[in-house]
Amino acid sequence: MLEQELKDIWKNSSQEEKISFDLSQLMVELNRKIDRLKKIIHRRDLREIGASIFGIIGFSYLGYEIPFPITKIACVLTIGWFFYVIYKLRKNKKQKITVDISLPFVEQMTNQKANLLRELQLLKSVLYWYVIPPVIFNILFIFGFGNPAEYEWNPWLIKKLTLENSLYLLPIALNVKLLYISGTLLFNVFIIWINKRAVRISLLPLIENADTIISELEDEN
Amino acid sequence: MIPNKMNINFEQILEENKHKIYRICKIYAVSPIEPQDLFQEVVFQIWKSLGSFKGTASISTWIYKITLNVCYRSKLKYEKKEEKTISFESIHIVPVEKTSQNDQNDKHQALYDCIATLNESDQALIILYLDEVRYKEIALITGLTENHVAVKMKRIRKLLFNCITAKIA
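For the record, the sequence lines run as chains D and G.
In this text, residue positions in the first sequence follow the working numbering: the first is 83, and each later residue adds one.
In this text, residue positions in the second sequence follow the working numbering: the first is 6, and each later residue adds one.
There's no promise every hint is true.
The calculated lysine-lysine pairs, modelled on DSS-like cross-linking and capped at a C-alpha distance of 25 angstroms, are [stated by the list, open to error]:
| id | chain 1 | residue 1 | chain 2 | residue 2 |
| --- | --- | --- | --- | --- |
| 1 | G | K23 | D | K93 |
| 2 | D | K93 | G | K59 |
| 3 | D | K195 | G | K53 |
| 4 | G | K23 | D | K100 |
| 5 | D | K170 | D | K121 |
| 6 | G | K59 | D | K178 |
| 7 | D | K120 | G | K80 |
Rather than coming from a laboratory, the hints here were simulated on the basis of the structure.
Kindly produce the complete structure, drawing on both the sequences and the hints.
Written as structure tokens, this is what we have:
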């Protein structure tokens, strides 16, 4: 078979379909897709930061209201941690290489691999910045809970919500504290497992695939 | 919103390049992704990037870069699913009724099957070769050197020819 014949077969292969456009409608749809993507990104940003802001407000109130010193310290530490989470997520986003789809193929693949590796690093380090600190602060928070009667504590919000009866649950018995802490630990073990699974199932194969393509391209033969 | 001047260029770009884009999409579409899905994504990326086209390379080189990058990104499943859910109803891709050209259809299929046996990076190179893109331009599209492309192409062409000869003979 001649080379030209092969090229003709290739070029004729796309004549099996008739491709047409309605340009004015396409413009509307393209703009709609751009708007939708912007909304998705905006919502994702809000979601990421929203949870931390909600936590900062909540623990600020608790830190102000609760009289037990160790619990107060735990609240301050937790607020600091929430700020750190916002910083960490934003920093990671800034470090991401912007996707330029019109770059040469090898460069595009290399950028893509770098972004995947950054994501891998973030997920691998979850234990140290996302799991251990809040677990420690949580333990402090619960262990710090003392007897409200000793501090003549009568919180405003509980009065407002007429939940005074809930104060009879305090002081929390040691075995209840231990049970709560065990639950927290189990929950966090679950979070670590989910992350490890995400790394194993979704990220590692993608990195391997990107690696293979890059090395195949750069191979001299 | 892009200006009207761009709309004219955009239409022209689509009309001139639609078949070569679709050919590439057909190679890289792996179920559940259809060639139409990839084609729509390429159209979207061309439109989105049109403003940043500097004209340092030909429009054809630029289109090839975008098409290959979009196809590979979809292969790596890197894009979030939710970003792919809008389908453009304004793009119509209809199969042409097959006449008695069974022989031609068999050849198309044989060629697609043979390309599928190549590794992923070789596929990109042979597609460009079959589209009669010069080595210099292939080097610009892939980011390899012209020499490197030539060496690789020699080997890939041999593989493809052996495969297609065996299939069609």
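In rising order, the numbers of the hints this structure does not comply with: 2
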